[in-house]
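Q: Each chain is listed here by its residues.
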Amino acid sequence: MSFFVETLVGGLLAGVMYSLVAIGFVLVFKASGVFNFAQGSMVLCAALTFVTLRDKGLDFWLAALITLSVMVVLGIAVERVVLRPLVNRPQITLFMATLGVSFMIEGVAQIAMGASVHELDLGIVDTPIEIGGVQVSQFDLAAAGTAGILVIALSIFFNKTRIGIALRAIADDPQAALSIGIRLQTLWQIVWGVAGFVSLVAGLLWGARQGVQFALTLVVLKALPVLIIGGFTSMAGAIVGGLIVGAGDSLAEIYLGSLLGGSVSTWFAYVLAVAFLLVRPAGLFGEAPIERI
Amino acid sequence: MAEPVLQLRDVSLSFKGIKALNALSFNVERGEICALIGPNGAGKSSLLNIINGVYRADSGSITFNGEQFVRIRPARAAHLGVGRTFQHNALFRHLSVLDNVLAGLIRHCRATIVEHAFGIGRDRREAREFNRRVDEIVAFLDLTKHRDKVVATLPYGVQKRVDLARALVGGPSLLLLDEPMAGMNQDEKQEMSGFILETNTRLRTSIVLIEHDMSVVMGLSHHVVVLDYGRKVGDGSPEQVRRNPDVIAAYLGTAH
Amino acid sequence: MSAIGTDAIEGFSATRDTARVTRDRLRVGSAVLLLAALVGIPLVANDYWLNAVLIPFLIMSLTALGLNLLMGYAGQASLGTGGFMSVGAYATYNLLLRLPELPLPVSLLLGGVISGLVGIVAGLPSLRIKGFYLVASTLATQFLLEWLFNQYGWFSNYSTSSSISAPRLAIFGHDLSSPTGRYFLTLATVVVVTVVATRLVRSQTGRTWMAIRDMDTAAAVIGVPVSAGKLKAFFVSSLVIGIAGALWAFAYLGTVDARSFNLDRSFQVMFAIIIGGMGSISGNYLGAAFMILLPILLDHVGGGLFGGAIDPGQLENLQKALFGALIVWFLIKEPRGLAALLSRAWTQLAARLGR
Chain A
1 MSFFVETLVG GLLAGVMYSL VAIGFVLVFK ASGVFNFAQG SMVLCAALTF
51 VTLRDKGLDF WLAALITLSV MVVLGIAVER VVLRPLVNRP QITLFMATLG
101 VSFMIEGVAQ IAMGASVHEL DLGIVDTPIE IGGVQVSQFD LAAAGTAGIL
151 VIALSIFFNK TRIGIALRAI ADDPQAALSI GIRLQTLWQI VWGVAGFVSL
201 VAGLLWGARQ GVQFALTLVV LKALPVLIIG GFTSMAGAIV GGLIVGAGDS
251 LAEIYLGSLL GGSVSTWFAY VLAVAFLLVR PAGLFGEAPI ERI
Chain B
294 MAEPVLQLRD VSLSFKGIKA LNALSFNVER GEICALIGPN GAGKSSLLNI
344 INGVYRADSG SITFNGEQFV RIRPARAAHL GVGRTFQHNA LFRHLSVLDN
394 VLAGLIRHCR ATIVEHAFGI GRDRREAREF NRRVDEIVAF LDLTKHRDKV
444 VATLPYGVQK RVDLARALVG GPSLLLLDEP MAGMNQDEKQ EMSGFILETN
494 TRLRTSIVLI EHDMSVVMGL SHHVVVLDYG RKVGDGSPEQ VRRNPDVIAA
544 YLGTAH
Chain C
550 MSAIGTDAIE GFSATRDTAR VTRDRLRVGS AVLLLAALVG IPLVANDYWL
600 NAVLIPFLIM SLTALGLNLL MGYAGQASLG TGGFMSVGAY ATYNLLLRLP
650 ELPLPVSLLL GGVISGLVGI VAGLPSLRIK GFYLVASTLA TQFLLEWLFN
700 QYGWFSNYST SSSISAPRLA IFGHDLSSPT GRYFLTLATV VVVTVVATRL
750 VRSQTGRTWM AIRDMDTAAA VIGVPVSAGK LKAFFVSSLV IGIAGALWAF
800 AYLGTVDARS FNLDRSFQVM FAIIIGGMGS ISGNYLGAAF MILLPILLDH
850 VGGGLFGGAI DPGQLENLQK ALFGALIVWF LIKEPRGLAA LLSRAWTQLA
900 ARLGR
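Protein chains in written order, with the working numbering: chain A, 1 to 293; chain B, 294 to 549; chain C, 550 to 904.
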């Protein structure tokens, strides 16, 4: 039983890490309807930039600040150069464009900063501690805490600030939002900037956990089922979806994996997500649109 | 007397708790043009969407050609003989006029995918027959000179006619027209009215029509049904409806 | 644009246009010339060209054609291409191994049919979801299939590392193992499939697909069998991709394992049709040529300029960035791809010749 609980808790904490990436997606999708496949490469890019700066001997906070500016500029540039010319085009076209962007970012980032694996030490000890008889990784706890703080901060940003309220207005009805004088393009740039910030946080945590390497871009593939389960437009959905995928993944790995005689982690989350899709096409927290003709 | 082509009984529909249609009942007689009028949001398009299965009614029943159902799938409605044009352009915009109208015949297609792939069996015979029927309809609606053009490149008024051709080519017994003249100038409206009238008299198609222009409605239809907030507030000949005080209050009296 | 249809795929080529007889003649003429050239090539080309350029180019064209039927014509985006290739490869392998009395073309076709049937199952979610939700569900197919062939040794006849190697390729006792033999096997398959696919997209089946792509709700209302049409698209597409997978395994590489058909392969094929032109048959060949030739070109240029001093990893990164940029460029500037660019050039040429 305690083994089960330990697996579950480990999975839930890992799931929060997925949520961290998923939040970046939700931000961009909510405001502009773009499914940003490049989020994974932005995570890699952030981690790689930070590590490279640290290796050059820069102070932690200075490196973080420079990386943050790089990421914000990158996010804004993607919006300006790629997505603005594609406005009003089908969603799937936008998706494919971000696929192209992710290849560009990966290629250029690795040309500039190399493809070798870097260690990233955030100074968080990773010895397990015991809570209520269950062994829990301190690092995972810290990561989960960070993700929680990030979600709360973003929720406040979205619900209390002028910019956030304008963003929600756009998500509800772009035409109406435009007509009351909300400047769409400025807001899109802000959102892409914030998405850059979120990928910095995700990049640092993921980089510290797995080492900064190309495989970091694969977190995008882990975040996709999370989004499908939680819905593309809900922060809460990203968290709950992450928890479900994390818990499902690690439980399936232990119990289903032994049944099938091998690791199931490459596909289990996807099959779970498809099952969710068939039952609730808009995700747990999403709303199904009414078809009008 | 022949039974009505379409009978609606107590049809209700709601979206997220808001009633779009409230226990609506009326008949469409065989061979008539029935106009559906009412302010925006009265539920006119929703009603058409129920008749051909895009939406599902919460309750009530629909009888079409003697067959009764509560809900129906769009493909089934098309097979039974319900044709439909759309308020907002819903053509296959990357295809030519010819291909758009041919698509209206796909439900009559018997050849299998294997016959299509190798050009054997029924494939060629069907292709010839379909092309002949399309050419007839295209000529009927005066579209011959546009036949091979991609629809996205055509003027709006012509596109509306392509939409009508696509609905007509399959030989429907009931045609649902959702604002076929929206956004047209007076000349184009007159031309379209002519086509609708000819469809009704020459092809003997019963028609349900949504239209805002009262002069068109009064000139074209045999029967007018007035909706307001999902309720029926008038039902009768154009003359009767014009005199009905409820209708005047709900619709005719307001500027539009 | 109305709310529906926003998921329709952009990129298409109109099936007809105003009189363009000269242009059509030019096209047919050039196709015949091209075919003659392809048949004549082994007389002049050495084994390197056949093995490293022409065979992969032809197979990549075939794979692109398969995906294009699904994505460019029927509007159902998929990243399961690698998975379907692997089904075709492993199925054909097992047919050749376990039913050696079947002639090679039959095994190849049956392998394709098996892949097509898997495609139907993988296409079932498309009846409820679309757009990138569907892309996500095809990713499930991709990962599941990759895992399956890696996990269960039966598929690879319990070979080490689950790899499969080409059995002797022969038709009616005629050995096809030489580069020339494998080249002609590939060429013949590509020609036959292209002819059939071209017929198909011009028939009511093709029209069904394009109607679903352009406006699925309206298609359903006018009586187009949307669900059946989608599943047929998945079947035909996976069938073609499956045959291509078998050729990739046996006529090109010789030995493959499940990793040869991973997600990167799916991306590669999707890029080929975006660059070549969605909803166009000729676009597949243009896109495939691009995907195969650009890396070779980069290799040579890189090698020539820096005398081999440049790191192959860096070249790969450069290639990646370049492909990404091209995808973005094409989507913004020419969503109908190289096929449309060339088609415009043809029209101009025809106009000049016509005068």
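Worth double-checking, as some hints may not be accurate.
[What the hints assert, rightly or not] Derived pair list, reagent style DSSO-like, types lysine-lysine, alpha-carbon separation capped at 27 Å: (1) B:K525 - B:K309; (2) B:K438 - B:K482; (3) A:K56 - A:K160; (4) B:K309 - A:K30; (5) C:K882 - B:K442; (6) C:K882 - C:K869.
[Claimed, not checked] Coverage of chain B stretches by chain C, computed from C-beta distances (three or more under 8 Å per stretch; other residues unrestricted): (7) 295-308; (8) 383-390; (9) 396-408; (10) 451-465; (11) 475-488.
No wet-lab data here; the hints were simulated from the structure.
Every residue, glycine too, gets a C-beta built ideally from N, C-alpha and C.
Q: Each of the hints needs a verdict: does it hold here or not?
A: Here is what the structure says about each hint:
For a cut-off of 27 Å, the pair hint linking K525 (chain B) to K309 (chain B) stands: about 21 Å separates their Cα positions. The suggested pairing of K438 (chain B) with K482 (chain B) holds, with an alpha-carbon distance near 20 Å, which does not exceed 27 Å. Note on K56 (chain A) and K160 (chain A): the hinted pairing is violated, with a Cα-Cα distance of about 40 Å set against a maximum of 27 Å. Annotation: proposed proximity of K309 (chain B) to K30 (chain A) holds, straight-line Cα distance about 22 Å (limit 27 Å).
With a C-alpha separation of about 23 Å, the suggested pairing of K882 (chain C) with K442 (chain B) holds against the 27 Å cut-off. Under the criterion of a C-alpha separation no larger than 27 Å, the hint pairing K882 (chain C) with K869 (chain C) is consistent with the structure, at around 20 Å. Coverage of the segment 295-308 of chain B by chain C is violated in this model, with 0 residues showing a Cβ closer than 8 Å to a Cβ of that chain against a need of three. With a cut-off of 8 Å between beta carbons, the segment 383-390 of chain B has 7 residues touching chain C; three or more are needed, and the interface restraint holds.
Proximity of the segment 396-408 of chain B to chain C, defined as three or more residues with a beta carbon under 8 Å from a beta carbon of that chain, is established by the 8 residues found. Residues of the segment 451-465 of chain B with a Cβ under 8 Å from some Cβ of chain C number 3, which satisfies the need for three, so the listed coverage holds. Look at the segment 475-488 of chain B against chain C: 0 of its residues bring a Cβ nearer than 8 Å to a Cβ of that chain, fewer than three, so the hint is violated.
Comparing the model with each numbered hint stated earlier shows that hints 3, 7 and 11 do not hold.
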